[in-house]
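Q: Given next are the chains, with one letter for each unit.
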Amino acid sequence: MLELEGVNAFYDQSHILHDIGFSMEEGGRVAILGRNGAGKTTLLKSIMNAGPRVQGGIRFKSRALANASPDERARLGLAFVPEDRRVFGHLTSYENLKIAQYGASPEREKVPIDDLIGRFPMLVPLRNRPGSQMSGGQQQMLAVARGIAARPHIMLLDEPTEGLAPVIVAELAHEVAACCRDYGIGLLLAEQSIWFSRQCTERVLVIDTGRIVFSGSWQDFDENAERVQRHLAI
Amino acid sequence: MTAQIAFAAANGIVLGMAVFLVAAGLTLVFGILKVFNFAHGSFFMIGAYIAHAITGQDPSSLPYFLFAAFVAALAVGAMGIATDTLVLRRLSSVANDYTLIATFAILLLCDGATKMVFGQDIYAVYPPAVLDQTMDVGILLTYYSVFIVACGIIVFVLLELGLNRLWFGKLVQTVARDPWMAGVIGLRVQRLKLVSVGVSFALAGLAGGLLVANQSLSLSLGHSYLLLAFNSVIVGGLGSIRGAFVAALIFGLFESFNSLLLPSMPGTVSYMVLIAVILLKPEGLFPERT
Numbered sequence: 001m002l003e004l005e006g007v008n009a010f011y012d013q014s015h016i017l018h019d020i021g022f023s024m025e026e027g028g029r030v031a032i033l034g035r036n037g038a039g040k041t042t043l044l045k046s047i048m049n050a051g052p053r054v055q056g057g058i059r060f061k062s063r064a065l066a067n068a069s070p071d072e073r074a075r076l077g078l079a080f081v082p083e084d085r086r087v088f089g090h091l092t093s094y095e096n097l098k099i100a101q102y103g104a105s106p107e108r109e110k111v112p113i114d115d116l117i118g119r120f121p122m123l124v125p126l127r128n129r130p131g132s133q134m135s136g137g138q139q140q141m142l143a144v145a146r147g148i149a150a151r152p153h154i155m156l157l158d159e160p161t162e163g164l165a166p167v168i169v170a171e172l173a174h175e176v177a178a179c180c181r182d183y184g185i186g187l188l189l190a191e192q193s194i195w196f197s198r199q200c201t202e203r204v205l206v207i208d209t210g211r212i213v214f215s216g217s218w219q220d221f222d223e224n225a226e227r228v229q230r231h232l233a234i
Numbered sequence: 235m236t237a238q239i240a241f242a243a244a245n246g247i248v249l250g251m252a253v254f255l256v257a258a259g260l261t262l263v264f265g266i267l268k269v270f271n272f273a274h275g276s277f278f279m280i281g282a283y284i285a286h287a288i289t290g291q292d293p294s295s296l297p298y299f300l301f302a303a304f305v306a307a308l309a310v311g312a313m314g315i316a317t318d319t320l321v322l323r324r325l326s327s328v329a330n331d332y333t334l335i336a337t338f339a340i341l342l343l344c345d346g347a348t349k350m351v352f353g354q355d356i357y358a359v360y361p362p363a364v365l366d367q368t369m370d371v372g373i374l375l376t377y378y379s380v381f382i383v384a385c386g387i388i389v390f391v392l393l394e395l396g397l398n399r400l401w402f403g404k405l406v407q408t409v410a411r412d413p414w415m416a417g418v419i420g421l422r423v424q425r426l427k428l429v430s431v432g433v434s435f436a437l438a439g440l441a442g443g444l445l446v447a448n449q450s451l452s453l454s455l456g457h458s459y460l461l462l463a464f465n466s467v468i469v470g471g472l473g474s475i476r477g478a479f480v481a482a483l484i485f486g487l488f489e490s491f492n493s494l495l496l497p498s499m500p501g502t503v504s505y506m507v508l509i510a511v512i513l514l515k516p517e518g519l520f521p522e523r524t
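Protein chains in written order, with the numbering used here: chain R, 1 to 234; chain G, 235 to 524.
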């Protein structure tokens, strides 16, 4: 479904990602763990072509993405939920979800918007509230729901727990895992929270200074805890 | 004196609506591309010349006059699409200074091309017969003045409804406010921008076609409204249709009363208002909400 081979990414002269390679199957759920500045966000943005200059091969659904713009990638079935949420403040919750369906992969059946809102209890009373009048936690829920609304093949979710209260983190983990399972959405999750990542994914990559230093299941992760923690500790 | 004040107020409203018709496209293009289009007045002038080329000096009927204005709108809209494709889009990733210089170059190009095509003669265009009459409502008003006010209000209402109620308008606002995220969720950002820019320029052409009967048609026509239109867009809040509408009315009224009360110092009050707003509320009366 998604294959990266020898991917290098740059911001101007800064070389951020070094020879990244991994693959994801359809419906696979993978966490990318790493410290601040390790390159997690850059990796997601590279897959989306939404920032860094990228060299190397990225293939999605057997198609090379080299020249595809972000909107083309979205229409192919990738959905990116950025760390800073970027909900559209002039649109209501409902409209934020509806507009995301414009970017839906055409061959995928859309997620009914009211069903989706119903899955996020926090959003139910906010159906008609503009995004600009929501709290950070509410915006985060909406941003994740917006990623799901398009029913993408893979959702690229960037640090969704940052700045959220623990109770909201638990609710978000439950909804992300349930939606991915029920709607057949693959998940590539960049996170620092091991607990959250474990709830939502089945495989884990650890990235350090732009290089993948560990790849395996959560069981492998636990068995190599000492070696892996070296790359995660501050 | 009461009649003079009433007359000045009526004139101010008419001038305000005329300024709004010009400012509408200007503020819309700023809202979408974040470009202050110096050439907007020239496209307004081209619209007026095109309408005149269709109707001649005496438009035979109101429908024909409106038809000419719509043809002018379509033609100038097409020019806007070409301008965006050939110039503005290519400058989207460089500093705003370059875009300002480019729009100034387009202004010179438009003025030169208009001179070559239509010559330097000054033309007079009269309103169609049905609008070329006066009514007495305590003061004498021409039907054409009322027509301009009605056109201003209709354009304002259509833009407000189109941008805030229609789904297409919401898409346009989304692209204007956060083009990066709009692209990331799969919206065809360039296509939406192109259509919106076409509409913005078409508004300049429409304004030219509608206002051509209000003054002498010459190469300096664009400049006569452009300054007040720029002032309205700045004072109203860059990119805000509602702001441009209110500010255009304010400037129209101030200009009119300025002529009545300080006839030897034309335009003084408008610039004082502009300076005061820039100092006290630089984001304008109706700033864009994020």
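Treat each hint with caution, since some may be false.
Unchecked claim - Derived pair list, reagent style SDA-like, types lysine to any residue, alpha-carbon separation capped at 20 Å:
1. G:K268 <-> G:A316
2. G:K404 <-> R:Y102
3. R:K98 <-> G:K268
4. R:K98 <-> G:A316
5. R:K98 <-> G:G403
Said to hold, decoys possible - To give an idea of the chain G side of the interface with chain R (calculated C-beta under 7 Å), a few residues:
6. Q407
7. T408
8. I419
9. G420
10. R422
11. L426
12. M499
13. P516
Derived from the structure by calculation, the hints contain no laboratory data.
Every value quoted in this text rests on a predicted model; they were computed, and no experiment measured them.
Don't be surprised by glycine CBs; every beta carbon is placed ideally from N, CA and C.
Q: The structure should be examined with respect to each hint, and the outcome stated for every one.
A: Structure-based check of each hint:
no.: 1; hint: G:K268 <-> G:A316; result: holds, 18 Å
no.: 2; hint: G:K404 <-> R:Y102; result: holds, 12 Å
no.: 3; hint: R:K98 <-> G:K268; result: violated, 26 Å
no.: 4; hint: R:K98 <-> G:A316; result: violated, 31 Å
no.: 5; hint: R:K98 <-> G:G403; result: holds, 14 Å
no.: 6; hint: Q407; result: holds, 6 Å
no.: 7; hint: T408; result: holds, 5 Å
no.: 8; hint: I419; result: holds, 4 Å
no.: 9; hint: G420; result: holds, 2 Å
no.: 10; hint: R422; result: holds, 6 Å
no.: 11; hint: L426; result: violated, 10 Å
no.: 12; hint: M499; result: violated, 42 Å
no.: 13; hint: P516; result: violated, 21 Å
Hints 3, 4, 11, 12 and 13 from the earlier list are contradicted by this structure; the remaining hints agree with it.
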